[in-house]
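Peer 1: These protein sequence lines map, in sequence, to chains A and B.
Residue 1 is where the first sequence starts when you use full-length UniProt numbering, and the numbers rise one by one after that.
Residue 1 is where the second sequence starts when you use full-length UniProt numbering, and the numbers rise one by one after that.
Treat the hints as calculated values from the structure; they're not laboratory data.
Each hint should be verified, as a subset may be incorrect.
[Said to hold, decoys possible] Footprint (simulated), chain A over chain B, 3 or more residues, beta carbon under 8 Å:
id	stretch
1	308-320
2	418-426
[Unchecked claim] Estimated spans, in silico, between C-beta atoms of each pair:
id	chain 1	residue 1	chain 2	residue 2	range
3	B	Thr256	A	Ala109	55 to 65 Å
4	A	Ala109	B	Glu108	50 to 60 Å
5	B	Thr259	A	Gly195	21 to 31 Å
6	B	Leu346	A	Thr10	14 to 24 Å
7	A	Met82	B	Gly350	29 to 39 Å
8	B	Asp107	A	Gly129	44 to 54 Å
[What the hints assert, rightly or not] Listed below are the simulated SDA-like cross-link pairs for lysine to any residue, each with C-alpha atoms no more than 25 Å apart in a straight line:
id	chain 1	residue 1	chain 2	residue 2
9	B	Lys368	B	Val430
10	B	Lys368	A	Phe184
11	B	Lys368	A	Thr80
12	B	Lys368	B	Pro382
13	B	Lys368	A	Asp193
14	A	Lys11	B	Arg324
15	B	Lys239	B	Lys368
16	B	Lys239	A	Asp193
17	B	Lys17	A	Phe184
18	B	Lys17	B	Val439
19	B	Lys368	A	Arg198
20	A	Lys11	B	Lys239
21	B	Lys239	B	Val191
22	B	Lys17	B	Leu37
23	B	Lys368	B	Leu346
24	B	Lys368	A	Val231
25	A	Lys11	B	Arg323
Computed from a prediction, not measured in an experiment: that's the story for all the values here.
Ideal placement from N, C-alpha and C gives every residue a C-beta, glycine not left out.
As a plain string of letters, each chain reads:
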Amino acid sequence: MNRALHAEWTKLRTVAGTGPLLLLAVVLTVAMGAALAATLTCPWGRCAQDSVKLTFSGLPVSQACVALLAVLAVGGEYGTGMIGTTLTAIPRRGRVLAAKAAVVAGLTAVAGTVAVLASALAGRLILPGRGYPALSLADGPTLRAAAGSVLYLALVALLGVGIAMAVRDPAASIAAVLGLLYLFPLLAHMVSDPGWHRVLWSLAPMNAGLAVQTTVNVASLPIPPWAGLGVLAAWSAAALLAGGLLLRARDAS
Amino acid sequence: MSPAAGFARTLRAEWTKFRTVRGWVLGTVVAALLVPLLAAVSAAGSHASCDRNGVETACPEPPLGPDGRAVHDKFFFVHRTLDGDGSITVRLTSMSGIITYPPPDHDEIVPGLVPWAKAGVIVKASMEPGSSYAAVMATGEHGVRMQHDYTGDVAGRPGGAPRWLRLTRAGETLTGYESADGRQWAEVAAVRLPDLPAEVEIGMFAASPGDLTVKQADLGGLIEQMRFTETTAVFDQVKVEGAAPGAWRHTDVSPTPGTNPGEVHHPGSAVESGGTFTVVGSGDIAPVGTDGGMAVELTLTGILFALVVVVVVAVLFVTAEYRRGLVRVTLAASPRRGRVLAAKALVIGGVVFAAGLAASAVAMPVGKHLLRGNGNHVLPVPALTEVRVIAGVAALLAVSAVLALALGTLFRRSAAAVVTALALILLPHVLATASVLPVELSLWLLRITPAAAFAVQQSIPEYPQVVDFYVPQGGYYPLPPWAGLGVLCCYAALALALAVVRLNRRDA
Numbered sequence: 001m002n003r004a005l006h007a008e009w010t011k012l013r014t015v016a017g018t019g020p021l022l023l024l025a026v027v028l029t030v031a032m033g034a035a036l037a038a039t040l041t042c043p044w045g046r047c048a049q050d051s052v053k054l055t056f057s058g059l060p061v062s063q064a065c066v067a068l069l070a071v072l073a074v075g076g077e078y079g080t081g082m083i084g085t086t087l088t089a090i091p092r093r094g095r096v097l098a099a100k101a102a103v104v105a106g107l108t109a110v111a112g113t114v115a116v117l118a119s120a121l122a123g124r125l126i127l128p129g130r131g132y133p134a135l136s137l138a139d140g141p142t143l144r145a146a147a148g149s150v151l152y153l154a155l156v157a158l159l160g161v162g163i164a165m166a167v168r169d170p171a172a173s174i175a176a177v178l179g180l181l182y183l184f185p186l187l188a189h190m191v192s193d194p195g196w197h198r199v200l201w202s203l204a205p206m207n208a209g210l211a212v213q214t215t216v217n218v219a220s221l222p223i224p225p226w227a228g229l230g231v232l233a234a235w236s237a238a239a240l241l242a243g244g245l246l247l248r249a250r251d252a253s
Numbered sequence: 001m002s003p004a005a006g007f008a009r010t011l012r013a014e015w016t017k018f019r020t021v022r023g024w025v026l027g028t029v030v031a032a033l034l035v036p037l038l039a040a041v042s043a044a045g046s047h048a049s050c051d052r053n054g055v056e057t058a059c060p061e062p063p064l065g066p067d068g069r070a071v072h073d074k075f076f077f078v079h080r081t082l083d084g085d086g087s088i089t090v091r092l093t094s095m096s097g098i099i100t101y102p103p104p105d106h107d108e109i110v111p112g113l114v115p116w117a118k119a120g121v122i123v124k125a126s127m128e129p130g131s132s133y134a135a136v137m138a139t140g141e142h143g144v145r146m147q148h149d150y151t152g153d154v155a156g157r158p159g160g161a162p163r164w165l166r167l168t169r170a171g172e173t174l175t176g177y178e179s180a181d182g183r184q185w186a187e188v189a190a191v192r193l194p195d196l197p198a199e200v201e202i203g204m205f206a207a208s209p210g211d212l213t214v215k216q217a218d219l220g221g222l223i224e225q226m227r228f229t230e231t232t233a234v235f236d237q238v239k240v241e242g243a244a245p246g247a248w249r250h251t252d253v254s255p256t257p258g259t260n261p262g263e264v265h266h267p268g269s270a271v272e273s274g275g276t277f278t279v280v281g282s283g284d285i286a287p288v289g290t291d292g293g294m295a296v297e298l299t300l301t302g303i304l305f306a307l308v309v310v311v312v313v314a315v316l317f318v319t320a321e322y323r324r325g326l327v328r329v330t331l332a333a334s335p336r337r338g339r340v341l342a343a344k345a346l347v348i349g350g351v352v353f354a355a356g357l358a359a360s361a362v363a364m365p366v367g368k369h370l371l372r373g374n375g376n377h378v379l380p381v382p383a384l385t386e387v388r389v390i391a392g393v394a395a396l397l398a399v400s401a402v403l404a405l406a407l408g409t410l411f412r413r414s415a416a417a418v419v420t421a422l423a424l425i426l427l428p429h430v431l432a433t434a435s436v437l438p439v440e441l442s443l444w445l446l447r448i449t450p451a452a453a454f455a456v457q458q459s460i461p462e463y464p465q466v467v468d469f470y471v472p473q474g475g476y477y478p479l480p481p482w483a484g485l486g487v488l489c490c491y492a493a494l495a496l497a498l499a500v501v502r503l504n505r506r507d508a
C-alpha cells in the first residue's frame, strides 16, 4: 500500500496543473470570503447575519478547483493510457483506487486547511470593522464550521475521484461532478412543496455539506450541521464504490 | 471547386462525424429530454392552495388586463356613468396617508405616503376588475402622471397636491391635463383606448400600494413583506361635463375579503360634504410582477441541466478529434482551417438549436398545464412573448454550444474547456440567482458575463411605476432579453475568432 501511495503521490506531484489548481482553490476561498465579509452590514441596526458562514463562503467557488484536480488525477491517466502501466504495476485495483483517493483527498485537506485558516484570519481582521465580533476558532460553532469546511473540500475531492473513475472521460466526469454540486440545489428550488423542498435541499451534496458552516439559526436548517456533512460523505462513498466496482469489472483502456 | 461547394462538403463531413458518434447523439437527446422531464417533476412537486375560514380552496387569481397580463385593480372609486364624450375637472387639495409598521422597529403606524400612492381622476370601461382605463393623478413622490391600461405611464410635472387635474374623453382618445392654479393648463398626455365602450365610469379615485420590505431568508430565499398603506385624498371644485346624470356612487373596487364571511379587510371610504370629497383608498392599479404568480420560464429551469450536457457534447465534438488524431485527416481534407471550424460551429449550433426548440416547446405547455392543475397561478403572457422565451432558450443553448466548441478548440483539453465554459455561462447565473452574493454584484455578473443570456427567458418585464424587488432571484435580469443573448453571442464570436487564429498558427 505504501508503494501505491508513493506512486500516486509522485504522479499527482509531477502533473502540471496540481499546484496551480490548489493555489487557485486557496486564493479563491480566501478572496471570496474576505470580499463578502467586507460587504456585511447590520440592516436596521441588527447584526444578525451569519458572519462565520460568510467568511468561509469562498468554498462554493473553490470546490470547483478541487473537483477538477480530482477528475484530472483520474481522467488524465485514462487520456494518456497511463492507467495501463499503473494497473500492471499494481494489479490490485482496489488498492490503486484507495491510494489515489487518499493522496488526492490528503493533498486537498492540506490546501483546505491553509485556505480555511487564512480565511479565519481574514475574518478576524475584517469582521470587527463591520460591526460583528472578531472570528475566533476557540468558539465551538466557529471551530465546527472551520474543521467542517476542510473536511468538506476533502469529501468533494473524493466525490471527484469516484465519479471520474466511473465515468473515465474527463469532460463528462467534470460536468457530472459540477452538475451534482451546483445544479442539484436548483432541484430544491424547482419544487414549492415545503416537504419536498426540504428533502431535496438536504439531499443536495453542496447544501447539505455546507450546512456544517452554519452558526446562526442552526435549528432552522433542514438538516443538522454534522448530519449534512454526512450526506456529502455518503455521496462520496457511493461515488467511490461505483468507481471501484467499475474499475474492477471493466477493461482498463 | 467553388468555395460554396467546398464549404458544403466540409459541412456534410462534420454532420456525418456528429451523427455517427453514438455518445454525442445520445447526449443531445438526453439534454433535450431533461427539459420537459424536469418541468414535469418541478410542477408535480408544486402545489398551491389557499386557506379560507379554515377550508382549503383554490387561490383567488388576479384579474387580467386588456393585453391579457395579470394586473392589480384595487382602489376606491367615486364615480358616475358617462355616455359618450365628456370630461372631469377637479382640484386635489391634499393627499395624506398612513404606512403601517414600517422598519426598523415595525411597532407603530406612521403618517406618510408611499412613493407610488395615487389619487386623481379616472375614466374606466366598466367596474369589472382588469377593464381598460386612463387616469391622471398625483403621486407620493413621482409627481403628476398619466397612466392607462395598467402598463402605460407618462410623467407630468413634479410635485404633489394641491393640483388641478382634468381628464377629457373624445371617442377612443383620452387626454390628461394638469394645472397649478386652475387657469393655465398643461397637457400631460393623450392616449388611445380601443377597448373603451360608449358608456364608461368617470370619477375620482385613491389607491396606495403596499410598502415592500425584503430580507434574506435562511435557506437562500427572500422574505418579502408587504405592509398595508392607505391614501386619503381631498377633492373639491369637481366639475363633470357631458352626459353624466345622477348622484355619485361609491365603489370599493376589488376589496380584500376579511377573516369572517362578508367582511372586508381595511375597506376604503368616501365622504361628500358641500362639494368636497374625501376619498380613502388602498391597493394599486398596476401590472402584477413575478411575486403575483409563477412566470412561464419557471417551466424551463431544466435548460440549466441540459446546458451542462450540451457543453460536454460540444467540447468533445472538437477535442475528441485531437485525442484520436482525426484532426490531421480533417485538416488535410479541407486545409482552410477557419472553414472547418465554421462548419463544426454550424453543425453543433444547428443540432442543439433544433433539440432545444423541441425540448422547450414541449416543456412549457406541459409544465404550465401541470402547474395550473396543481392550483398554481401561472402568470399569463402574450403568445409572442412565449414564442420569444422558447426560441430564445433554444438559441441560448445553441450559442453556448458554439462557445464551448471554440473553447475546446482553444484549449484542446476537454476538461479545461468544459470547466471554463460552465464557469463562464452557468456559474454566474447560479451564483446570481441563489442569493449568495450581494444584489449589486449579482446584477453586474448578469450584465458582463455570458450568463447575461438568461435574460432571454424573462417573460414579466420590470415596471418603473411599480415598486418591487427587481432581483435575479425574482426572475428579473438587468439587460433586455435580446441584449442579454447578444452578450453571449459576443463571447462566442470572440472565442471563435481566437480559436481560428490559434488553429491557423499551431500545428495540429
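Peer 1: All hints, please: hold or fail.
Peer 2: Evaluated hints:
Only when three residues or more bring their CB closer than 8 Å to a CB of chain A does the claim for the stretch 308-320 of chain B stand; here the count is 7, and the claim holds. Counting residues of the stretch 418-426 of chain B whose CB falls under 8 Å from any CB of chain A gives 5; the rule of at least 3 is met. Evaluation of the 55 to 65 Å hint for Thr256 of chain B and Ala109 of chain A yields a pass: the beta carbon distance comes to about 57 Å. A beta carbon spacing of about 54 Å between Ala109 of chain A and Glu108 of chain B agrees with the range 50 to 60 Å that was offered as a hint.
In this structure the hint that Thr259 of chain B and Gly195 of chain A lie 21 to 31 Å apart at CB holds, the actual value being about 27 Å. Between Leu346 of chain B and Thr10 of chain A the C-beta distance comes to about 45 Å, which lies outside the given range of 14 to 24 Å. At roughly 37 Å, the beta-carbon separation of Met82 of chain A and Gly350 of chain B lies within the given 29 to 39 Å, and the hint holds. Distance hint for Asp107 of chain B and Gly129 of chain A: a CB-CB separation of about 30 Å, inconsistent with the stated range 44 to 54 Å.
Between Lys368 of chain B and Val430 of chain B the CA atoms are separated by roughly 23 Å; this keeps the pair inside 25 Å, and the hint holds. Of the pairs offered as hints, the one joining Lys368 of chain B and Phe184 of chain A holds, with about 22 Å between alpha carbons and a cut-off of 25 Å not exceeded. The hinted pair formed by Lys368 of chain B and Thr80 of chain A fails the criterion: a straight-line CA distance of about 48 Å is larger than 25 Å. As the CA atoms of Lys368 of chain B and Pro382 of chain B are separated by approximately 14 Å, the hinted pair is consistent with the 25 Å bound.
Between the alpha carbons of Lys368 of chain B and Asp193 of chain A the distance comes to roughly 17 Å, so the proposed pair stays at or under 25 Å and holds. The hinted pair formed by Lys11 of chain A and Arg324 of chain B meets the criterion: a straight-line CA distance of about 24 Å does not exceed 25 Å. About 49 Å separates the Cα atoms of Lys239 of chain B and Lys368 of chain B, which puts this hinted pair outside 25 Å; it is violated. For the suggested pair Lys239 of chain B and Asp193 of chain A, the alpha carbons sit about 54 Å apart, so the restraint of at most 25 Å is broken.
At roughly 33 Å between alpha-carbon atoms, Lys17 of chain B and Phe184 of chain A are farther apart than 25 Å, so this suggested pair is violated. Proposed proximity of Lys17 of chain B and Val439 of chain B is contradicted: the alpha carbons are some 45 Å apart, above 25 Å. For the hint pairing Lys368 of chain B with Arg198 of chain A, the CA-to-CA distance comes to about 23 Å; that is within 25 Å, so the pair holds. Pair hint Lys11 of chain A plus Lys239 of chain B does not hold up; C-alpha atoms about 90 Å apart against a cutoff of 25 Å.
For the hint linking Lys239 of chain B to Val191 of chain B, the alpha-carbon distance of about 22 Å falls within 25 Å, and the restraint holds. Between Lys17 of chain B and Leu37 of chain B, the direct Cα distance comes to roughly 28 Å. Violation of the 25 Å bound is thereby established for this hinted pair. Simply put, Lys368 of chain B and Leu346 of chain B have alpha-carbon atoms about 32 Å apart, too far for the 25 Å limit, and the pair is violated. Distance hint between Lys368 of chain B and Val231 of chain A is unfulfilled; the C-alpha atoms sit about 33 Å from each other, more than 25 Å.
Only pairs whose Cα atoms come within 25 Å are accepted, and Lys11 of chain A paired with Arg323 of chain B is accepted, the gap being roughly 21 Å.
Of the numbered hints listed earlier, those contradicted by the structure are 6, 8, 11, 15, 16, 17, 18, 20, 22, 23 and 24.
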